[in-house]
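Enquirer: With these hints in hand, go ahead and build the complete structure from the sequences.
Which chain is which? The protein sequence lines are A and B, in order.
Its first residue numbered 1, the first sequence is counted upward by one per residue in my numbering.
Its first residue numbered 1, the second sequence is counted upward by one per residue in my numbering.
Hints were generated in silico from the structure; no laboratory data involved.
This structure is a prediction, so every number in the text was calculated from the model and none was measured.
Treat the hints loosely; a few may be bogus.
Not everything, but these chain B residues come out facing chain A in the computed CB check (under 8 Å) [claimed, not checked]:
(1) 84
(2) 85
(3) 92
(4) 94
(5) 96
(6) 99
In this text, a Cβ means the ideal position worked out from N, Cα and C, and glycines have one as well.
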Amino acid sequence: MRFGYTRFTVTVYSVFIMFFVSITGYAQKVVRYDLYVKDTTVNFTGKPKRAIAVNGQIPMPTLTFTEGDTAEIYVHNELNEETALHWHGLFLPNQYDGVPYLTQMPIKPHTTHLYRFAIVQNGTHWYHSHSGLQEQIGMYGSMILNKKQEPDIPTVPVILSEWTDMNPKNVHRMLHNASDWFAIEKGSTQSYSEAIKQGYFKTKVANEFKRMTAMDVSDVYYDQFLINGKNESQLAQFKPGDKVRLRISNGGASTYFWLKYAGGKMTVTASDGNEVAPVEVDRLLIAVSETYDVVLSIPEVEPGAPSVAYEFLVTSEDRTKSASLYLGEGIRQLASPMPRLKYFEGMKMMNGMMKLNGNLDDMGMNMSLNQMDMNVVMYPEITGTAKEKGGKARTGIKKEDEDSMKMDHSSHNRYNSNAMSSITTLNYAMLKSTVETSLPADLPVKELRFVLTGNMNRYVWSMDNKVISETDKILIKKGEKVRMILYNNSMMRHPMHLHGHDFRVINGQGKYSPLKNVVDIMPMETDTLEFAATESGDWFFHCHILYHMMSGMGRIFSYENSPPNPEISNPKLAQRRLFADDRAFHFMAENDFATNGNDGEAMIQNTRWSLGTEWRLGYHDHHGYEVETHIGRYIGKMQWLMPFIGFDWRYRKINPDVQETNMFGQRSTKDKRSVLSVGVNYMLPMLVQAQAEVFTDGIFRFQLERMDIPVSPRLRMNLMVNTDKEYMAALKYIFTKNAGVTAHYDSDMGFGMGLTLNY
Amino acid sequence: MNIQRIWMVWLLLLLSPALYAEIKNVSEGKAKILGDCALCQQGIEKAGYEKNISRVSWDKDSKIALITYDNKQTNLDAILKKIALAGYDNERFLAPDQAYAQLADCCQYERMVKTKVNSSAGADHHHLTMDNEPSMAGSQEEPLKDLLMAYYAVKDALVETDGQTAAEQAKNLLGEIKAVKMGQLPHEQHMIWMEVMNDINMEALRISETKDIEKQRNYFSALSENMYKVLKVGKPKEAIYYQHCPMAKGGKGANWLSPFATIKNPYYGAQMLSCGKTTETIQ
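Expert: In structure tokens form, the structure reads like this:
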């Protein structure tokens with residue numbers, strides 16, 4: 001089958017489509033869905049891969065209810081693994097919220113679980129698996145809650161998602177091991193050769209001096225982006241002059257999407273299931289797990305002209321790829337594609353904001369609500385196309401203008417894209433509820449402050465530098481007004497989602513502050529949210545980027561004196577299993593099969609602990625054999641410091657005439673040695689790892705090492721020198737995610753070339 | 001002579017596979033692609049070319065392209081989409097306006113479909129709302145509405161520093177000036193319109209005749225003054241903001257009209273977009 005660019009085939013082992021809608025009595029309508037969760041094979045890229053389909057389809061079927069209905073959803077787990085479904089944005093009894101080990105025990109393989117709750121709201125919502133990484137491979141679907149009287153406008157549910165051919169567990173593991181394979185695939189390595197070519201050498205050096213590796217706006221490379229499961233599709237039923245409402249949910253695991261329409265402006269009428277005063281925009285960025293209702297109109301054509309279909313263009317935030325939905329029939333009018341990001345401008349901006357201690361400095365800009373978007377420096381459509389070497393811009397803003405701009409009155413608008421261009425981009429300050437949302441003034445207020453924290457190099461994501469398993473539940477009382485003040489001190493944006501409640505986003509609209517359940521917070525932004533505590537039980541509050549959540553970026557709000565959850569028979573066990581997610585260890589290994597020996601390392605790490613071993617194994621006794629093992633714990637928010645204990649074993653046959661001493665005059669026992677050690681690692685500017693280690697035989701060693709200097713997009717250089725008068729230099733060319741070739745020179749083993757395999 | 005011929009045969013034998021055997025699973029298709037000159041031909045063929053996958057050969061006179069491609073790797077839709085993204089309307093895809101505008105002058109072919117102007121003023125502004133409220137923009141009630149929209153479109157092009165579009169929109173404005181139904185204007189407005197009509201027309205014409213943005217801005221300043229004179233005596237359904245930038249025209253200052261209170265300065269574009277203030281609100 002062919003749809004435009006893509007070959008899209010869904011092979012399903014068996015297809016169940018079972019919809020029972022039964023009506024009992026007049027008073028209450030029970031709407032029943034049966035969901036059969038089953039393994040399947042999909043082919044989005046030409047290679048068959050495992051995915052999970054529900055009722056034989058990806059995305060999962062759209063569930064539609066009307067306010068006042070009772071939902072009965074039977075989940076038949078036909079997988080060989082556990083699952084659980086979360087109804088995103090819904091108000092419901094805690095036991096049906098669908099977070100495994102928090103609000104229920106997971107649905108065991110080959111069993112059926114019933115979710116039964118009253119539908120007490122309306123709006124665009126969605127549902128997804130909250131178990132492991134299943135959301136990445138197909139377990140997301142639209143959930144439309146209609147008003148009893150919906151406006152008379154054609155409406156289409158739209159769910160956006162992404163696909164990677166890689167097993168998501170592997171994605172998660174690679175992120176934790178700071179693999180830059182995704183950057184290579186995206187073309188965003190930001191290496192020294194690219195920096196020099198584009199005239200940003202100083203920027204790159206400054207960036208590494210501040211101990212940053214190359215940043216991107218998103219972490220994972222995806223093979224395909226999908227609108228309702230397809231990369232390209234058409235809604236041919238619409239005619240010129242029609243208006244269409246798209247009820248859009250972002251079901252992507254880690255991708256924000258830019259939305260644009262070739263037929264003119266888009267009118268935003270709701271967010272996260274809550275109506276807002278219609279606002280016209282040229283584009284909007286939908287955060288992971290947000291929903292928006294958007295009304296599009298299909299322009300009239302002049303009489304006699306051929307009919308035209310207009311592209312609704314969905315582009316990933318990193319702008320690597322896009323998906324299209326054509327509205328109408330006929331020749332297809334394309335929207336302008338989003339130009340690639342100017343990464344080095346972003347790097348320069350980041351350098352300016354990053355203090356040497358790793359904290360961010362907003363220079364007094366008091367950013368909030370996505371109004372100031374630091375990323376505009378990377379957007380060619382706002383700040384002009386990338387400059388060639390020599391600092392001359394090809395189009396857009398000329399260099400002189402840029403300088404005058406900085407000095408001029410627009411300094412306070414430097415990052416305000418709506419002021420800088422005629423393109424109107426939606427931000428949270430533009431959302432105004434259609435109804436009053438203020439909470440009673442006499443409620444007692446509980447104020448909570450959170451700092452969103454993270455460490456890109458080690459992929460640790462946390463709040464107040466603590467992951468879920470390191471914190472207690474946050475107790476709240478029914479009847480309180482909970483106010484949260486969130487500040488993002490990490491280098492990535494985070495879509496923070498609260499289960500079971502809508503919060504008011506304090507955005508200057510006073511009584512009409514919009515209600516949402518997801519708020520995207522960019523680096524250095526501060527946002528204030530408040531909600532009325534009206535429920536009971538335990539509710540998850542977390543970053544909705546799947547891999548951030550699994551790393552422990554979240555908290556649990558727990559109502560005091562809640563009745564026990566009947567779905568959780570053993571709360572202690574449940575908590576331990578819940579905490580297992582962010583306590584998990586991630587494994588990596590690398591070995592260079594070289595002409596002069598084997599050179600490699602293996603490591604398992606989690607949020608705080610690291611167990612690693614390095615080896616250098618020659619092919620004969622003169623070259624020697626050496627293994628060093630370290631167990632350490634990372635200290636501090638930036639995790640630059642790691643004290644460790646170690647064990648070192650080596651054997652080498654050397655000429656007895658040769659006396660080896662280190663720089664301190666201590667005689668080396670290189671030929672045969674088996675010692676314990678204590679030491680400390682510290683990350684220096686320029687990402688140089690300093691290591692001081694003292695061994696039980698009294699020998700002291702100090703070492704400087706810099707790994708993975710990005711020389712060119714695929715070329716890496718390693719350098720090492722220590723007080724044992726050992727040194728090493730290596731160049732590695734990366735071919736695939738698991739293989740490369742290395743040429744290195746080592747003071748012990750001499751020159752060697754080899755094949756490097758890594759996992 | 002003979003030896004030379006043998007060499008030629010050898011060369012041909014060697015070259016022919018090199019030239020033609022590169023694309024496997026060959027399919028061929030024909031498609032109409034718009035363009036006007038040799039530069040277009042280059043652009044079209046380059047956009048459709050992918051090594052060992054697709055090749056396009058376009059004929060300037062018939063506008064027909066012969067497309068050769070590997071049917072296991074790609075398809076006609078994908079190739080024509082790439083060509084449209086490079087700025088060339090074709091039988092399956094229309095180029096984004098921006099891509100078209102960036103084509104060389106000689107390549108500014110006549111578009112395949114004239115879509116209605118999508119200025120940020122949005123002629124559709126208030127019937128896009130969900131409630132489907134009845135359209136209020138009827139030219140019956142506001143005889144100058146279409147004129148104003150066309151003026152806004154020129155202004156938006158200047159905000160974008162896009163001389164090409166400004167000229168096109170000014171042409172459109174000329175049409176709207178002619179289409180104004182004077183009989184429907186209130187008496188006072190009718191009188192002022194008669195007075196400034198010719199000037200407005202002249203200024204629009206001048207903007208349409210050049211692509212030099214600085215000249216266009218100069219004429220636009222005069223055009224705006226005249227538009228203001230006409231509009232300030234009316235009672236528009238939607239507010240019109242009369243805005244002023246003291247720095248424009250080398251410090252002399254200049255005015256313009258906008259449907260939004262937010263400043264988007266047409267005299268400097270991105271350079272000083274938010275310079276200026278609203279001096280009067282007509283409503």
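Enquirer: Each hint needs a verdict: does it hold in this structure or not?
Expert: A quick look at each hint next to the structure:
no., hint, result
1, 84, "holds (5 Å)"
2, 85, "holds (6 Å)"
3, 92, "holds (6 Å)"
4, 94, "holds (4 Å)"
5, 96, "holds (4 Å)"
6, 99, "holds (7 Å)"
The earlier numbered hints are all upheld by this structure, with none contradicted.
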